[in-house]
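Engineer: Sequence:
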Amino acid sequence: MAKKITKDMTVGSTARQIFLFAIPFLIGNLFQQFYNIADMVIVGRTMNPLAYAAVGSTSSLVWFASGAIQALTVGFSVVTAHHFGAKNEENIKKSFASAIGLSAVISIAVSVVCVLLARPMLEILRTPANLVDDAYNYIVWIFAGLIATALFNLLSNMIRALGDSRTPLYFLIIACVINIILDIVFIKFCNMGTAGAGVATVVAQLVSGILCIVYIVKKHPMLHIKAKHFKHDFEMAKSLLKIGIPMAFLNMVLSVGAIVVQFVTNGFGDVYVSSQVTGSKIETFVTQPLLSFGSAVSVFAAQNYGAKKYSRVLDGSRKTILMSYAWSIIAALILLPAGKLIIRLIAGDVDDTVVNNAYMYILINTALTFILSPLIIYKNVLQAVGKTTWTMISGFTEIVGRAGMAMLVILFVSKGLVSEAGGFVIICLANPTAWLFGLLTVLVDYILLKKKFKRLISAQKDESPDGSFTVAEAKEEN
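The sequence shown begins at 344 in the numbering used here and counts up by one.
Keep in mind that a hint or two might mislead.
Below, simulated BS3-like cross-link-like pairs (lysine-lysine); rule was C-alpha separation at most 25 Å, straight line [to be verified]:
no., residue 1, residue 2
1, Lys797, Lys430
2, Lys430, Lys531
3, Lys795, Lys430
4, Lys794, Lys730
5, Lys585, Lys795
6, Lys430, Lys585
7, Lys581, Lys571
Since the hints were derived computationally from the structure, they do not count as laboratory data.
Being a predicted model, the structure only gives us computed values, none of them experimental.
All chains, please: the whole structure from these sequences, using the hints.
Structural biologist: In C-alpha cells:
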C-alpha cells in the first residue's frame, strides 16, 4: 500500500511530475485561501463592514506567527524528503520523531508570547480605534491555537515529503468546510462575534490534524515511529533546525515588511484598510499557483538531491519557471475584465473607492508577478538542497523593498507631496519592489548552485565512461 501512495520523483519526466504534483498543492492552497478568507467574508456579511476590516487588519500579524510555524514544518519535511530520496527508512522515522518534538516546543513558546503581546501589537500598528477590539478578539484565538496549526501543517508536510500530495488536500478541504460551518454557527447563532471566527479556525485545524494522525497510522508505515526514535539525536535535530529555522525566520522577516505596510495603511483609516486587505486577499489567489509550483519543485528537488540526480534538479527548476509564467498570463487575462466583480463578491456592499483601490492593487501586483515567479522557484530549490543562507538574506532585502516603499509614503504624505490616494498607489508597488530586491539576491546563489551541480554532473559522467548515467537521465527527462 505504501508504494501506491508515495511518489518517487527521482525517475520520470520532470515537467510532467512537477505539474501533476503541483495540482493537489494548488487546489489545497486555493482551499487554504478560501479557509482564510471565509472568516473575513462571513464576519463581514453577518456582522458589519467594520468587523470585516478588523479581521482583515490582523492578516500581517497572523502571517507573522502562523506563517512562521507553517514554514518551520515545511523545512522539517525537506529533511525527511532527503531521506526518502536516499531510500533511508530509519532516518525518515528519526527525522519525523525529532520534528514532532521540536514543533511542539517551538509552537507553544511562540503561542504564549503572541497571546501576551496581541493587543500591544495591534496598537503599535495603529489599528483604527473602531477596529481594535474586534481585531483582538479574533487574533488572540488564532495565536492561542498555534499548536493546532503546527500539528496539521507538520503532518501534512510529512505526508507530502513522501510524494503523497493528494491526501493532505483532502484533509485541507475538510478543514475548510468545518471552518465555514463553525464560522456561521459561532458568529450567527452563538453571537461570539469575531472571536467565533478565530475559534472556528483553530478547531478546524485540530480536527484535520487528528485525521492526519489516523491516516498516517493506517497508510504510511514509513512514518510509524516508536519510543526509540524520540531518543535525543543531536545531529538529526541540527539538520532539521538548519533548514526549518531559516525558513521560519525568513517568513517572519518577510512578514515584518508586510507589517510595516499595514502600519502605514492603518494610518489612512478604515476605507484604505479595506481596500488593501481586499486587494491583498485577491492577490493571494493569483500567487497561489506560483507557490504551488514552488512547493512541488521543492519536494522534487529535495528527493533528487538526496538521490544525487543534480541534472534533474536544474531541469525541474527551469521548466517550473516556464509553467509559472504561463499562469501569470492567464491570471492577468482573467482579472482585467472580471477584477471588480470579484472584489464585490468578496468585500460585499462596500464603497466604490474601496473597489477602485483594490482593483488597482491587484492589477499592479498581477502584472509584476513575472518577477515573483523565479524568486519563488529559486528560493524553494535552494532551500530544498539545504542552502538557506542567501534565501534568508533575501528576506532582509525584501524588507528593505517593502519598508522602503512604506517609508516613502509617510514622507511624501507628511510633506504634502502626494495625497493619501497617491500614497496608496505607492503601497500597491511595495510587494513588486520587494520581489525585485529578493530575486536579485537569490539569483546570485542559484547561479553558484548551478555551476556546482554542473561540476558534479561532469564528475558523474566521468565515473560512468560507458555513458549509462547520462543516457538514463536523458530518458527520464524526456
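Engineer: Honestly, which of those hints from before does the structure not fit?
Structural biologist: Hint 2 contradicted; others consistent.
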